[in-house]
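Number of protein chains: 4
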Amino acid sequence: MSIAVIYGGTRPDGNTEQLTEEAVKGLTVDRIHLNTYTIRAIIDGRHAEEGFPEMNDDYKEVIDRVLAADVLIFATPVYWYSMSGIMKNFVDRWSQMMRDGDYPDFKKTMAAKKAYVIAVGGDLPEIKGLPMIQQFQYIFDFMGIRFEGYILGKGNKPGDVLQDAEGMFAAERLRNKLAALN
Amino acid sequence: MSIAVIYGGTRPDGNTEQLTEEAVKGLTVDRIHLNTYTIRAIIDGRHAEEGFPEMNDDYKEVIDRVLAADVLIFATPVYWYSMSGIMKNFVDRWSQMMRDGDYPDFKKTMAAKKAYVIAVGGDLPEIKGLPMIQQFQYIFDFMGIRFEGYILGKGNKPGDVLQDAEGMFAAERLRNKLAALN
Amino acid sequence: MSIAVIYGGTRPDGNTEQLTEEAVKGLTVDRIHLNTYTIRAIIDGRHAEEGFPEMNDDYKEVIDRVLAADVLIFATPVYWYSMSGIMKNFVDRWSQMMRDGDYPDFKKTMAAKKAYVIAVGGDLPEIKGLPMIQQFQYIFDFMGIRFEGYILGKGNKPGDVLQDAEGMFAAERLRNKLAALN
Amino acid sequence: MSIAVIYGGTRPDGNTEQLTEEAVKGLTVDRIHLNTYTIRAIIDGRHAEEGFPEMNDDYKEVIDRVLAADVLIFATPVYWYSMSGIMKNFVDRWSQMMRDGDYPDFKKTMAAKKAYVIAVGGDLPEIKGLPMIQQFQYIFDFMGIRFEGYILGKGNKPGDVLQDAEGMFAAERLRNKLAALN
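Residue numbers (my numbering), protein chains in the order written: chain A, 1 to 182; chain B, 1 to 182; chain C, 1 to 182; chain D, 1 to 182.
Keep in mind that the hints were calculated from the coordinates and are not lab data.
Don't take every hint at face value.
Given that identical chains are not distinguished, each listed pair holds provided it fits within a single copy or across any two copies.
Said to hold, decoys possible - No more than 20 Å apart at the CA atoms, straight line, and that leaves these computed lysine to any residue pairs for SDA-like:
hint: 1; residue 1: Lys-25; residue 2: Gly-159
hint: 2; residue 1: Lys-114; residue 2: Ile-145
hint: 3; residue 1: Lys-157; residue 2: Glu-49
hint: 4; residue 1: Lys-25; residue 2: Glu-166
hint: 5; residue 1: Lys-177; residue 2: Ala-165
Extracted from the complex, chain A is given alone in its bound form (with noise of 0.2 Å):
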């Protein structure tokens, strides 16, 4: 099973990612930074008489990385208690996919995944990272995917999820499933 890491963070070496690399180690996984990437906001086009627009980025590019996975990990800080919103923007344009005559079986790609989700937040994440989990769990429905578990972890500054010995070991955990499948 291949994996792929849908980073949402935006700056290196963040809480996110260190809890997230924690949970991958030693595992051969296609890494992908949304943050490196020019990824549009969707220009609703479902009922324009010319649909959608051509967007002229690497979106694309990026869902063909996501398509080629069978486990996702949406590896996202908690920004204002829910993803980034370059997360949030990649996650909106999966509407103008559904609807691309390029990709007729993206839905149905889609919903032969398993993902997971790994946050790292500030202000209580356990608490106030739920309607984030709640909105996941409804975006994974939607599409069929099966939302295999998440970590919430706890971070502020540089570092900090390191002495997050829940998070850490729910990583850890992860790491032991994700490389039974790998």
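Position chains B, C and D against the provided structure of chain A, taking the given hints into account.
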């Protein structure tokens, strides 16, 4: 009291806009269409030595209009069970504003405002839109903004929301409240 | 279609009852006041050798009335951000019913029903009542019941809800829907 | 610091109890098994002329033990996506205690406490147990109690939770925290 509507939609005359316009009909309102501005995703510089980078986009022009209003209406379609990516990027950047020397009173000024949320979704918004409402509440709580109410309308195809009697009634009721302030 | 209202309140003519009666005015409805029955808390016997104990209370009398209806309205005050304890005990006992040899079709019969929730609370019910709504959704999903809608009214002192224009409007709208079924 | 565990389960040695006992192993703890007491459902008398009725049950005996502790652990199985009915009845009655002349400092005394929640469920508790956690947060916020953390364990059949490595690890970590207070 001055009112600003912050529009997060990405098509003209979408359902969210129709419902919101019902709520502000006849009132003096500053309409801020986020999709007409360039608002870059945040680059988290809270812990970077050099701080946040200069973004060279339209953010300050937008935020100045926001700061000038007493009442904010966040009007966003429900995309994938939460606010649109462009609205999320707009909110994410508040983290930068709170550390911007040119806006020393950003949080304090925001804390004096009242906020409403108007959102329209197609997939059971009155249930599946709830995590988004909770996130807005956390966001407003963090900033000290008073969350005065929300409307979750139903709609998918253009014009659908005009058939959503509860939504339209709530918009009319909100208009009366806003008119009393205005 | 026959309609049953399951009342979870504990005072006569409370706000929840007033709002609910607005929604069923003029309709033929079976009103089940849980507080007029003895319904004991479940004793979890799912894994006990001897199974569930005989409870010797009024539960089966209540459940027979519930099973006879096509549409169920769960009408509960919001006590401490969720349904009342007496309604919770009523729901908890479904676990026993699903293993009761006298009711082999319990789940199947319940799965054929449609459900509404009407609840009135005093502390920001439209926000803080949301987890309760999500729980009802999980409950109905588990049983296969169709969750047709809910009303979260506002009120504290007797009669308050009659001043809640949105709540009363939603009740009136629900009445029209129920009348069309009735 | 003295610790009380408030048990809401209804079978001996259930998963919730096993997980909770892991968290308090070796500590001096007052174990309150709600199912061994008679606790009647509240009869809402907030607005009744005669006030709340005398209940003639064991409530005050229970609440006296609760009030004597500095740290409260609410340990409940997840029944139908929320706390058990007997625990809900226990909480509902706080409304009466806040108006009981014999307990003029009820809310103030409760506000000085710290609380934890330990709950075990069988149907995706880490997702579907989240509304319950939000409700506990609202409950604690209302009372001024500090919500120090929670554990959502997984289990169905007796003993299942002992195989829930994350849950058991979290229990061990909690024990270390409690021991430092004790």
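Hints, one by one, checked against the model:
Taking CA atoms no more than 20 Å apart as the test, Lys-25 paired with Gly-159 passes inside one copy only; the shortest distance there is 17 Å, against 32 Å between copies. For the homomeric pair Lys-114 and Ile-145, the shortest alpha-carbon distance inside one copy (6 Å) is at most 20 Å, but the shortest distance between copies (28 Å) is not. Proximity of Lys-157 and Glu-49 under a CA criterion of 20 Å is satisfied inter-copy only: 12 Å between copies versus 48 Å inside one chain copy. Taking the shortest Cα distances, Lys-25 and Glu-166 sit within 20 Å of each other both inside one copy (17 Å) and across copies (19 Å).
Taking the shortest Cα distances, Lys-177 and Ala-165 sit within 20 Å of each other both inside one copy (19 Å) and across copies (12 Å).
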